[in-house]
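One-letter residues, chain by chain:
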Amino acid sequence: MSPRITWAVAGRVLTQVRRDHRTLAMLLVVPCVLISLLWWMFEDLPGDLFDRFGPGLLAMFPFIVMFLVTSVTTLRERSSGTLERLLTMPMGKLDFLLGYALAFGLLAAVQSALAVAVSVGLLGLDVNGPVWLLGVVAVVDAVLGTALGLLVSAFATTEFQAVQFMPAFVLPQILLCGLFVPRDQMPAVLEAISNVLPLSYAVDAMQELVGDADQGEVWRSIAIVACFALAALVLGAATLRRRTP
Amino acid sequence: MMKNVIEVRDLTVVRGGREVLPAISLGVTAGVTGLLGPSGCGKSTLLRALVGAQQVASGSVEVLGEPAGSAALRTRIGYVTQAASVYDDLTVAENLGFFARVLGVDRSSADEAIEVVGLADQRQQVVGRLSGGQRSRVSLAVALLGTPDLLVLDEPTVGLDPVLRRDLWELFHRLADGGAAVLVSSHVMDEAERCHRLLLMREGRIIADGSPDEIRESTGAADIEHAFLHMVEGTEEAA
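The listed protein sequences correspond, in order, to chains C and U. The opening position of the first sequence corresponds to residue 1 in full-length UniProt numbering, with each subsequent residue numbered one higher. The opening position of the second sequence corresponds to residue 1 in full-length UniProt numbering, with each subsequent residue numbered one higher.
Just so you know, these hints were derived from the structure itself, not from any lab. Nothing here was measured: the structure is a model prediction, and the numbers come from that model. Note that CB positions come from ideal geometry on N, CA and C, so glycine has one too. Some hints could be false.
Non-contacting residues of chain U with respect to chain C, defined by C-beta distances greater than 10 Å in every case (computed) [unchecked claim]: (1) R15; (2) L26; (3) R74; (4) I77; (5) L103; (6) D106; (7) E112; (8) R123; (9) E203; (10) A221.
Looking from chain U toward chain C, a few residues come up when the C-beta cut is under 7 Å (computed) [unchecked claim]: (11) V51; (12) A53; (13) A83; (14) S85; (15) E94; (16) F98; (17) R101; (18) Q124; (19) Q125; (20) W169; (21) H173; (22) D177; (23) M189.
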């Protein structure tokens, strides 16, 4: 592993995104629009529904977006031959993966900063914990999405298939993360499943920050999400083969 | 006797249950070597084995005195795959700059490579907007970074116009004169005359190995295409 190469990969990925104005605009604007839409939808209803659902949505954006972007871009690297070429060069597998994680983590930080600014500043989301900690959750969450995206891209042979992994891998996590039904009120089997899904902990962390704001709890959830991300990166590294059939 | 740059012994490669390379052996010396044969005869598989990208079933491949694919070789071999393995959404200069950083060579080397393949005027253009021939030259420029000791080029002249093809072959000879070994694959037999040495390949086997003159003389054919046909028909009669 070499920091020079990791930075080279991260820099290249960011240049590619910067060149693609439409993707960049969607990455940054869409979460802000969606969170505003959520706020508007609940506006005339009694209670603080926005405070209940807002944090979950903030946890989902970086995860979903980075999962999609990464699975398609790495699939492109595999099919265009650039990955094969890189692996005949002094490119470590971890350099490649960390480079991507770094670039998309940075993008997620900007994306979340905007979405959080809109939620807290404009829409009046009540955050009891430190606001910057929301950003930390979002970045770890984005790295998780990146790591999972890298992993599943190994099992797709076309971009069409890669996109189909989104409903297969991401939607169940959204349903079971505790946003719609609190996790402790789910049937025991589903609760057990939700306990081993990473997004549950990302949403837990966000909700904890908005609710009781026990920082120990937040960091515990962040640590769990980080462990999932690390495991996915290690598994992803195993799918990068210098020698292919 | 010149020392071999590439030494392949009993290399067997199986892809999708089919034996693509059936225990072949060959050696490649310095200079420009052409690997000629029809599409699907195993040229790309052999080249992939040389750069360590191919899973092999058995046999040994030694390149520049090291086992193929070893870490020490990764800065010493320039490899061009059949598809232009560059980033379509980056400019020519950005592509070369990125690969130069991965290889740990300085930026001037990137500018030099762009110059050598004749893309200096296109350096700020996004690769996706270039013509097919220009894109494959960007890919070639990447392989030239850091002046590698061995160039492995998989059909680098396919689909290029005659002028460009001539220029590239001149470039390969300049690189060989500079001390590099250049291994070029092609399915176009008329490129054979431009090589110091030829390896003719068919159905995974090397059916002839020698200079263009030697191969023509051994078969009495007027050109390499006829020599190839002569050999193929000869082996079929014998079988």
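Going down the list of hints, with the structure as the test:
| no. | hint | in the structure |
| --- | --- | --- |
| 1 | R15 | 6 Å, violated |
| 2 | L26 | 20 Å, holds |
| 3 | R74 | 4 Å, violated |
| 4 | I77 | 7 Å, violated |
| 5 | L103 | 6 Å, violated |
| 6 | D106 | 12 Å, holds |
| 7 | E112 | 18 Å, holds |
| 8 | R123 | 15 Å, holds |
| 9 | E203 | 19 Å, holds |
| 10 | A221 | 36 Å, holds |
| 11 | V51 | 5 Å, holds |
| 12 | A53 | 5 Å, holds |
| 13 | A83 | 5 Å, holds |
| 14 | S85 | 4 Å, holds |
| 15 | E94 | 6 Å, holds |
| 16 | F98 | 5 Å, holds |
| 17 | R101 | 4 Å, holds |
| 18 | Q124 | 12 Å, violated |
| 19 | Q125 | 12 Å, violated |
| 20 | W169 | 23 Å, violated |
| 21 | H173 | 24 Å, violated |
| 22 | D177 | 25 Å, violated |
| 23 | M189 | 26 Å, violated |
Hint check: violations occur at hints 1, 3, 4, 5, 18, 19, 20, 21, 22 and 23; the rest are consistent with the structure.
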